[in-house]
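Engineer: If you want the building blocks of each chain, they are given just below.
Protein chains: 2
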Amino acid sequence: MTASLFDEIRREVERELTAIFDRRSDVPEKLLESMRYSVMAGGKRLRPVLVVCSAEAVGGDRKSALPTAAAFELIHTYTLVHDDLPAMDNDDLRRGMPTNHKKFGDATAILAGDGLLTLAFEVITEPNRHVPVGGDTRAEVAMVVARAVGAQGTVGGQQLDMEYEGKESDLTILERIHALKTGVMITSAVKSGAMLGGAGGRELSALGVYGDKIGLAFQVFDDILDVTSDAKTMGKNVGGDVRKKKTTYPALMGLEQSKVFGEKLIAEAEEALSAVKGNTGPLRELARYVAKRNT
Amino acid sequence: MTASLFDEIRREVERELTAIFDRRSDVPEKLLESMRYSVMAGGKRLRPVLVVCSAEAVGGDRKSALPTAAAFELIHTYTLVHDDLPAMDNDDLRRGMPTNHKKFGDATAILAGDGLLTLAFEVITEPNRHVPVGGDTRAEVAMVVARAVGAQGTVGGQQLDMEYEGKESDLTILERIHALKTGVMITSAVKSGAMLGGAGGRELSALGVYGDKIGLAFQVFDDILDVTSDAKTMGKNVGGDVRKKKTTYPALMGLEQSKVFGEKLIAEAEEALSAVKGNTGPLRELARYVAKRNT
Chain A
1 MTASLFDEIR
11 REVERELTAI
21 FDRRSDVPEK
31 LLESMRYSVM
41 AGGKRLRPVL
51 VVCSAEAVGG
61 DRKSALPTAA
71 AFELIHTYTL
81 VHDDLPAMDN
91 DDLRRGMPTN
101 HKKFGDATAI
111 LAGDGLLTLA
121 FEVITEPNRH
131 VPVGGDTRAE
141 VAMVVARAVG
151 AQGTVGGQQL
161 DMEYEGKESD
171 LTILERIHAL
181 KTGVMITSAV
191 KSGAMLGGAG
201 GRELSALGVY
211 GDKIGLAFQV
221 FDDILDVTSD
231 AKTMGKNVGG
241 DVRKKKTTYP
251 ALMGLEQSKV
261 FGEKLIAEAE
271 EALSAVKGNT
281 GPLRELARYV
291 AKRNT
Chain B
296 MTASLFDEIR
306 REVERELTAI
316 FDRRSDVPEK
326 LLESMRYSVM
336 AGGKRLRPVL
346 VVCSAEAVGG
356 DRKSALPTAA
366 AFELIHTYTL
376 VHDDLPAMDN
386 DDLRRGMPTN
396 HKKFGDATAI
406 LAGDGLLTLA
416 FEVITEPNRH
426 VPVGGDTRAE
436 VAMVVARAVG
446 AQGTVGGQQL
456 DMEYEGKESD
466 LTILERIHAL
476 KTGVMITSAV
486 KSGAMLGGAG
496 GRELSALGVY
506 GDKIGLAFQV
516 FDDILDVTSD
526 AKTMGKNVGG
536 DVRKKKTTYP
546 ALMGLEQSKV
556 FGEKLIAEAE
566 EALSAVKGNT
576 GPLRELARYV
586 AKRNT
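Here the protein sequences line up with chains A and B, keeping their order. Be aware that the first sequence starts at 1, since it is given in this note's numbering, and climbs by one per residue. Be aware that the second sequence starts at 296, since it is given in this note's numbering, and climbs by one per residue.
What the hints contain is simulated information worked out from the structure, not anything from laboratory work. There's no promise every hint is true.
Think about it this way: if two alpha-carbon atoms lie no more than 27 Å apart in a straight line, the pair counts; the simulated DSS-like pairs of lysine-lysine are [claimed, not checked]: (1) K167/A to K587/B; (2) K559/B to K325/B; (3) K325/B to K103/A; (4) K554/B to K587/B; (5) K102/A to K339/B; (6) K102/A to K462/B; (7) K292/A to K44/A; (8) K277/A to K264/A.
Take these sequences, add in the hints, and give me the full structure.
Structural biologist: Given below as structure tokens:
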């Protein structure tokens, strides 16, 4: 039953993304095609689903959260497009398809990423097309998102990841990189949904803890997946982390211990939800889904 | 007297920029250094000065406009950093100094650009540190800026510029590229200032026309400058447009006719200001400054 709820939310987010692109006929054709290509290439839409479920968990209207949910997918996609560039991770394959720069060239891929990031802030700050959302809330969500995905967040995480590639690093650095690269964006998705849903301070901080825990767990299980999966399941070249000597949880604490650590984070995430009064079922399910991806 | 007003505004904008970076100690060191390097490399700060003078022209408080003024310089700098990349215009020199990627490497330059763009939206949407500015206004300014500098604006202009490099193009395409690459950002700087200063609808639309005219004039005179100036004055490699076969106004309509066209735009910009009730002196001066750069 919950799986069909997630499918339903995914479909609504994809309709929202389609509507966003359909209103962008003033974008140069190749650039629009390139932006749409990477956003519509699929993916789990985990961040948008988190935004929506978080809004609903505090009793909010799903429609109040939909544009911001879509914006998170635009931002997530931009990070993938830029990270895949030859100057960065130099990946040819993403979700089983050629990466953006492989298909459209480096210049267009850089600009597509820039365009997606900017579009996200347009979507977050413009009046909600479905239901009224106050300007104060829109400004606050934009600020929280900008802080999470900027140089002190996601962008900084990628910078550190590049700097430590092929170098010795320890668990403290690894956790910082992962928190910045993946964790803060997931936490801010959960928080944005809560703000749009009208959460109080106590709920907001509980959902912040929930986001932190599943964000880290997500990366732990992603590292595990990189070791245990094969290219067919992942739709990208696996073993890439080992090939590039990137520091991973399995490399630092072993495969079994990594699984135990990931499970502990999921349990702590669920624990945090006890402070939230509304329907937290879908968020609990999402926490377990993060772990299940690996089995 | 007006020159000293602009110097004073520039100093205030640079203090604002310094304060913004000083609060960002949580950004990885090399990334922060790279972002600061390009922003603090100087430049005319034309866009921030326009934001402030526009706010003051409609009777607004300078302090209400300062963070957004700084944000425009962050965005302008990010476009320069990304446009200079080897995959784009491949420039080694900017404002007389090595371009960002020459000094910090391509990966850090891409991330510095991403970080600057995101930081701009953080600065625009967060509560103003100096005076209260409503969330509605902050959200609206962020939306106007995002629309101007995104894929349908600045980013799209760079895309078209790359696509038409070395190809035949006509005046219609040239004007579209320049409007997108330079004009819309200048127009949105003027409009943002007006909104922050509390402009009414009629003033806002008059200032929009003013912005459109000086934005185009700016590019016309920049093209002229590229032909007539030398490397020492410009602090970058000149003649670059001809070398790369970029379409320019002098190439399409001749040098003298380009100057006439530029002057006409400046006159129209000043004309538009007659609908604005407050002190439009500095904006008139700025319009003439755009033309004077060439003499």
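Engineer: Give a verdict on every hint.
Structural biologist: Structure-based check of each hint:
1. For the suggested pair K167/A and K587/B, the alpha carbons sit about 53 Å apart, so the restraint of at most 27 Å is broken.
2. Distance hint between K559/B and K325/B is unfulfilled; the C-alpha atoms sit about 46 Å from each other, more than 27 Å.
3. With a CA separation close to 31 Å, the supplied pair K325/B and K103/A exceeds the 27 Å bound.
4. In summary, the hint linking K554/B to K587/B is supported, as the alpha carbons are separated by about 11 Å, within the 27 Å threshold.
5. As the CA atoms of K102/A and K339/B are separated by approximately 38 Å, the hinted pair breaks the 27 Å bound.
6. A distance of roughly 23 Å separates the Cα atoms of K102/A and K462/B; the hinted pair therefore holds under the 27 Å criterion.
7. Pair hint K292/A plus K44/A holds up; C-alpha atoms about 13 Å apart against a cutoff of 27 Å.
8. A distance of roughly 23 Å separates the Cα atoms of K277/A and K264/A; the hinted pair therefore holds under the 27 Å criterion.
When each numbered hint is compared with the structure, violations occur for hints 1, 2, 3 and 5.
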